[in-house]
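Same order as they appear, the protein sequences are chains A and B.
Mapped onto the UniProt record's numbering, the consecutive letters of the first sequence carry residue numbers 1 to 438.
Mapped onto the UniProt record's numbering, the consecutive letters of the second sequence carry residue numbers 1 to 438.
Hints are computed from structural coordinates only; laboratory data are not their basis.
Identical copies carry no separate label here, and so any pair may be met within one copy or between two of them.
Derived EDC-like pairs: lysine to aspartate or glutamate, alpha-carbon spacing no greater than 16 angstroms straight-line: (1) 312 <-> 409; (2) 312 <-> 408; (3) 24 <-> 437.
Each chain, written out:
There are 2 protein chains.
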Amino acid sequence: MEKLVVIGGGAAGMSASSRARRLKPQMEIEVFEATKMVSHAPCGIPYFIEGLFDDENLFMTYTPQFFIENRKINVRINTRVTEIDLSSRVVYAEGKDGKMKSEYDYLVISTGSKPKRLPSEGNDRVFYIHHPAEAVSLRQKLWSLNTIAIIGGGILGVEAAEALTQRDKKVLLIHRGEYLLNKSLDQELGKVITDRISRDVELRLGEKVIEIKQGGRLIITDKGKYEVDGTIVAIGVEPNVDLVKDKIQLGTTGAIKVDEYMRTNYREVYSAGDNTESVNIVTGKPYWVPFAPVANKMGYVAGSNIGGEPMKFPGVVNTQITKYKEYYIGRVGLQEEEAKKYGFHPVSATITGKTRARYYPGAKDIHVKVIADEETKRILGAQIVGEEEVLGRIDMMAAAIMKGFTIEDTFFIEMGYLPAISRVWDPVIVAIRKIMED
Amino acid sequence: MEKLVVIGGGAAGMSASSRARRLKPQMEIEVFEATKMVSHAPCGIPYFIEGLFDDENLFMTYTPQFFIENRKINVRINTRVTEIDLSSRVVYAEGKDGKMKSEYDYLVISTGSKPKRLPSEGNDRVFYIHHPAEAVSLRQKLWSLNTIAIIGGGILGVEAAEALTQRDKKVLLIHRGEYLLNKSLDQELGKVITDRISRDVELRLGEKVIEIKQGGRLIITDKGKYEVDGTIVAIGVEPNVDLVKDKIQLGTTGAIKVDEYMRTNYREVYSAGDNTESVNIVTGKPYWVPFAPVANKMGYVAGSNIGGEPMKFPGVVNTQITKYKEYYIGRVGLQEEEAKKYGFHPVSATITGKTRARYYPGAKDIHVKVIADEETKRILGAQIVGEEEVLGRIDMMAAAIMKGFTIEDTFFIEMGYLPAISRVWDPVIVAIRKIMED
Ligand SMILES: Cc1cc2nc3c(=O)[nH]c(=O)nc-3n(C[C@H](O)[C@H](O)[C@H](O)COP(=O)(O)OP(=O)(O)OC[C@H]3O[C@@H](n4cnc5c(N)ncnc54)[C@H](O)[C@@H]3O)c2cc1C
Ligand SMILES: Cc1cc2nc3c(=O)[nH]c(=O)nc-3n(C[C@H](O)[C@H](O)[C@H](O)COP(=O)(O)OP(=O)(O)OC[C@H]3O[C@@H](n4cnc5c(N)ncnc54)[C@H](O)[C@@H]3O)c2cc1C
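Required output: the full structure, derived from the provided sequences and hints.
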């Protein structure tokens, strides 16, 4: 009987195994997961810290039991794969039941990402927000502290700042960039959100952390020293390729290189999720996007191919969405500087509009930036910050960017209009019209 | 000096004249508008009736004075065009300053739509919700009544029902179709919204009005008689082509036929807005869509071409969005039966999902139907009913449908995921996946 082994029971791993199961009801499928959770959602950790829910089981879409009983997927939790022998197609693992070995016909590597670390002298109060299996103890520790430093002003840093200020913690956020979310937003919109967050959080921008001392109670930067009760490090993630880095071909991004079928350089070995490289649809170049919908779809594609239904993953456009209190923050495609680096000639427009008709109560500001290429007229990127209906507009732009819509194509997208939630000239269309007319 | 005359100062007319002005600063531009308002928003009338705002000036994006002073557009309000002489290029009008005549080099016909009427014996309490210039007196009358019948269960009927029930009126809604919004939604989602509205409104479905009597106080249908205090007729609109119907070529939809440049069969005569026919992008066939964003863009295109910057209008996909209390209701593309009529072989999936991650508080149901063509695999239509983030998803599907996305293309749209406002497998993607897997 054919056998599939999956390493890592997160979004990608469970999507791959579920899809393969559906297509090959007879196949033997075994999933190794180092923690106690599968099909879990790291995305929920900030909201758990905020106190919006208390049951850690809610992190899991389905329990291990569900997969074992309903999908006949042999899920082994608390079991870490320690080695892969690619030539004899064997995986070695270690769990509370001791060591084991498992042969495979197909292998999916879906070990996710891991947080980048900072050197620290002691670490009893240095925290990384990463795996839901650690959320309960992480939250317990954070809730017991008063002043907390967050190092890093990317999405995770901002989400941590939201959670902690909602818990009435005093937050110090130290960020290397000149404004928050600078890897997601250009300066115009980055400023909007930086200003907002600066009302709740002590910000140190353009500042580089040199060392963490006293187990997380002292932070030394290139500009000063800060005493806090504990430190969250949120300086980014990197593909977790520990198991395979010397064995399987990696791409230029450091993630596992795959073809469109999610196959590595070993025909029977697939890779999916945060540990996997992709192609940026705008540039055609290798790219790496560690977000959940991409991980799920990569897993689905790997599972389809293993299941005998060929499917290609088309690549990514780097859609991102986050929030800070009343603000939603979305972006897709390339930022302006990134576009230049890839050889485009970006033109852009940034506007501030409203979310509802002028006569409809409760209209909010919405800030939109659209970036296009002067030569090909293609849309390269979009960024939106606002209090309502941000995500849908970003999703629309994702569709547009994925299929190479021009400025004019996008202008003519027949966006719906209802006074209660939109404008007859939608803010996105207004930004595009501005590029068109300039 | 070149002169542009525009008939009708609504969305289409003011977009056309503003765009032409921008491109040709020297051109003489004259707009004739039968009412006292220009660049007005009929879309706001239901919310005015609901009492969400009181200042009728808010119906206008800009005042006549603004156009006269800031854009040098000679707006003549309260002046109705009574005749057009197409061979000598003259327009005849009548206003409070008496009769006048105006020669043109370019003409834009943007007279909008008009409500379909029902025969009635007397009409002091028969109401049509159509022009913002009549909103104040309409509201005054409606507010003085207790029991009000609405004839017609389309978008306008539903919006009127929302407004009136919010004002605590007793509402009887008589509709010919078997469920509400049957021209917008297929049965699955139509049922959801019909059930919701039936909690507030007395519904008579599958019932045909034969006559209105006693000036709107008595309604005779094929199934009964109803005594009410007044009657709103909302059985649909039709293109207002009164001025030109014997002179200018109309299309099969009854609206004015134009080419991609919005030109009628007279080279110098353009048509834009609700009085204008378009092409359905999905079918390639003539189609008629009376909604504000389309009217605005048609006007913009006409104005661009008159201004010497050639631009083509690509056609429509019939994006619609409305609301009823907590529900937003959106659709785009073809309904399933319509798709069959046009020779497609529709396959579809309808699902009920949630708007937020299972652990995030406040998740609401969201109902999604997606329709695709079995042969070409193209997406033909989408319908969504839910309490959050409906419009953005519809806008995304509008983009997809306009550019012929296949089922798989749409599956791979990289929709963003944030637990607070979406699902990692977005409900739209779940519906598409269902089509794909079936
Ligand atoms: C705090 C936080 C918030 C986030 N918010 C969002 C968001 O709002 N939206 C969004 O789209 N994305 C978000 N993400 C990213 C998203 O969580 C990831 O993209 C997604 O989880 C990736 O899925 P995956 O299956 O590739 O990896 P993971 O979910 O990380 O799963 C990998 C699994 O592999 C296991 N594993 C690793 N090595 C081994 C081994 N040797 N043996 C056995 N098991 C192993 C790990 O224990 C883990 O369970 C967030 C991430 C974090 C950390
Ligand atoms: C109650 C209601 C709610 C609506 N809600 C929405 C919505 O939520 N979203 C949406 O997208 N669309 C909505 N619509 C439709 C939208 O209002 C129209 O699509 C849009 O107004 C069309 O613009 P237009 O310029 O073509 O026509 P109009 O706005 O109707 O303007 C035409 C103008 O021409 C004038 N005119 C006509 N004949 C003459 C003449 N002979 N001489 C001089 N002037 C003349 C009229 O007085 C009128 O001001 C709604 C419509 C109504 C009635």
